[in-house]
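Novice: These are the residues of each chain, in order.
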Amino acid sequence: MFPKNAWYVACTPDEIDGKPLGRQICGEKMVIYRGVEGRVTALEDFCPHRGAPLSLGFVENGRLICGYHGLAMGCDGHTESMPGQRVRGFPKIRNFAVEERHGFIWVWPGEASEANPTLIPLLEWAESPDWAYGGGLYHIQCDYRLMIDNLMDLTHETYVHASSIGQKEIDEVPPTTRVEGQEVITERHMENIMAPPFWRMALRGNGLADDVPVDRWQICRFTPPSHVLIEVGVAHAGRGGYNAPAQYKAASIVVDFITPETETSIWYFWGMARNFQPQDAVLTDSIREGQGKIFSEDLDMLERQQQNLLRNPQRQLLKLNIDAGGVQSRRILTRLCEAEQQATSSLIASA
Amino acid sequence: MFPKNAWYVACTPDEIDGKPLGRQICGEKMVIYRGVEGRVTALEDFCPHRGAPLSLGFVENGRLICGYHGLAMGCDGHTESMPGQRVRGFPKIRNFAVEERHGFIWVWPGEASEANPTLIPLLEWAESPDWAYGGGLYHIQCDYRLMIDNLMDLTHETYVHASSIGQKEIDEVPPTTRVEGQEVITERHMENIMAPPFWRMALRGNGLADDVPVDRWQICRFTPPSHVLIEVGVAHAGRGGYNAPAQYKAASIVVDFITPETETSIWYFWGMARNFQPQDAVLTDSIREGQGKIFSEDLDMLERQQQNLLRNPQRQLLKLNIDAGGVQSRRILTRLCEAEQQATSSLIASA
Amino acid sequence: MFPKNAWYVACTPDEIDGKPLGRQICGEKMVIYRGVEGRVTALEDFCPHRGAPLSLGFVENGRLICGYHGLAMGCDGHTESMPGQRVRGFPKIRNFAVEERHGFIWVWPGEASEANPTLIPLLEWAESPDWAYGGGLYHIQCDYRLMIDNLMDLTHETYVHASSIGQKEIDEVPPTTRVEGQEVITERHMENIMAPPFWRMALRGNGLADDVPVDRWQICRFTPPSHVLIEVGVAHAGRGGYNAPAQYKAASIVVDFITPETETSIWYFWGMARNFQPQDAVLTDSIREGQGKIFSEDLDMLERQQQNLLRNPQRQLLKLNIDAGGVQSRRILTRLCEAEQQATSSLIASA
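Protein chains in written order, with the numbering used here: chain A, 795 to 1145; chain B, 795 to 1145; chain C, 795 to 1145.
Here chain A stands alone, though its shape is the one from the complex (with noise of 0.2 angstroms):
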């Protein structure tokens, strides 16, 4: 269950460079590659000829190739050419809405005229130069919501992360979350507490004492379809926590863009852009390397989760205050599916 007429980040641009990539998103097996002029472009992995994955083809002059016989394919998902061939009367295939922004290449997976760029996130730690970015990319058997659950409440990291960013005073301190609009905002402020490795790691990097006392924050904000981005960062006792002045605080943003495969796995895009030092490319390579491994160790836990709910489908999960995020998300989401299923059924009864 997902929206299919929303953005979704599908690769990264050095996924596609060079080659065409093959990527099933929402369902949908799509060939993603640069086309005319350097354009990205998505269209159904299916050549009309003989059923080949154009994923396993080339492009030339921005025309994609068929690795089989040579079928020549434009960007709108009409064949250009074919060696020896009249190629008019050949079939079309599905072109997808996509766009690159902020150092991802989006798709729309739904109908692509309805879709709109003006509503892909705006980025802004992506644009400047006073931010720093580093993120890889994980593929997952789970549902995009235990994800997005998983991201919704934090209080997992002193169990999961217990040797890097989890710390016992995350459980102590209730977090409390609001919806405004279709934005779903989880926070946590947690004062005068020791920073556990991770934030310490980064104090030193920004040039801070890590061994006094820190106010710690984490803002969590869900946004449809399933985007969260999350604040984070540690100030010295006392300075304003949040709101400290740069020189008293490590702080960062953890990016996630959750992308479903199917309805039961993903492709999820993690990093994290700081807006300290962002000339540092070592400092980059540490985080993204030391966030690889915390990030990795949710895996497992998700995907024996979902395992698990496969094999109890009756079963009812509680919904507590700290998972009063995940809960509103999905809230969120199930207004938007169902909103696209009532639009195609009066589509349906008005043909």
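Hints are not guaranteed to be accurate.
The list makes no distinction among identical chains, and a pair is therefore deemed to hold if it is satisfied within one copy or across any two copies.
[Unchecked claim] Here are the simulated EDC-like cross-link-like pairs (lysine to aspartate or glutamate), alpha carbons at most 20 angstroms apart as the crow flies:
#1 Lys962 with Glu908
#2 Lys813 with Asp1094
#3 Lys813 with Glu1091
#4 Lys823 with Asp870
#5 Lys962 with Glu874
#6 Lys886 with Asp870
Bear in mind the hints are in silico, worked out from the structure with no lab data behind them. Just so we're clear, the structure is a prediction, and the values are computed from it rather than from any experiment.
Based on the hints, put chains B and C in the right spot on chain A.
Specialist: Just chains B and C, lined up with the frame of chain A:
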């Protein structure tokens, strides 16, 4: 098709040493661990909060802590506590009757209220200093009854284990099978033969000549649900065979506890108990290694036999005299399963 | 969808050298071995005793001995003996018509009584000292008809095999296809072109200049159920092409026997027969290695094409002129399968 109201070996103590174990038994996913005061506990492997497998967590002061969000589960399936939560209304998860006895953890996957620990088989060799035991565990993709068949008809030794315990004389002496209550006994006595390699090793290990004729015996005892204990041995010929005085023979008990995981897969606990040189740990290891190798020869055959049977559900198998042990064991199992089903049906009817 | 009353290549003699082979052909699980006097035998791979696969056993004096309990199976599917048993009443297992000819083992997976060995194709190159043959076997997850399509339309060489036998001139010369009885012939003749790398090697191997223009030909011959023999070669330009005298050309026959395992998997026996330097074993090995590498380039494409087709059962594929060879071959196969089905239906109706 397996009885659920019965004691099965769930695991060995070393498997729950310091951490919970997740294991599926008779279709039930369980987490098994040492709870309060080290007492073995078995619960449904499903956290009532969000469905995470509890077996990914850890044990703290006898309580099982969920590795996702820290729910603390009590040994009776009631949640004891959870950081920041009132847990009184949390749904209970199922707990299973479980006992630690004779060096094994036994579980009753059916109705816990019907579990009677006195039904656990008495294993004298497991409690006496005169005996030594070594064994192992195999995970096999076959119906547990195929393994019972295998163990109740040792003519297969001649073919599957030709280089260790097989010998043509096994084929030449027909076995006799009898049923005593719920026990099935198949035995074979071979007289004045040369011992095969495994038994020559055992004779030497016992300080006996290995190049003289022996009398050899195999007495297989099935008891439900799926325990097969086999008295095996050789004695110098003419000394009384099975009843020969200890100084003329090498004898032991092959131990087989077969625990269904699903309808077509098993946890197979195998081992050997001997009452000669019980203090010799090197001999124990050497026998375990030899037995492990021999028993691994059955795996491929059993799994491929299972596949063949699944592909040919309509085929009738032959029931020869050599198969009588397995056939009688299956009859007892069928009766037990039917009785269980009737009990369930009348429970439903009277409700 | 494949004819079952037809000869398929089951294996090569080396595969049954000293031990039985288990192989599924047209949905039938078979055990293939050398029985009495070394004659090839194919039986259902199912022991009538307890369903063990007979292919896990061994051959003794022409009888197949079950590796589980020693049942001795005769070449006609009747049990010959079993230790300690009377076997007269044992159910017969199915035996398949099988022939060893032209360096291959051929099997008829349908009605054995209808198997006519004269229907096995005559392979002159396999019986003549003027020819050498080398080949291999691939297991591919695709419908056997996708492989027939592949071989009956060699335009794919330009794209799939660009670095060895592909060249743009293949695309530029349209093939012609004709049907002669149950044979489909697709041919293409290219004149005055430069030879691609594989053929340059063959020219040199044949003592001919490789840097002069050549005439190149490809004559694909499909015969049911799934044999595709392809005459390929190059001759120095202007010497008569296909009909040029032997001293001006390098020619060979690409041999393809495609045996369905299931509806969507095949055993693909590929090879090359050549009539130049037949005694040169090093050349045979070098050609086999080169061909094996080239043919392996098709595997991923065929398997991914198959997956695409399974996901899109409603999609119609295009049937272009270049596809005519495959299209005509499929028509013959459809007729043969329909005829088989009607024969079965009337058999049932008259019963």
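Novice: Any hints this thing doesn't respect? Which numbers, in order?
Specialist: 1
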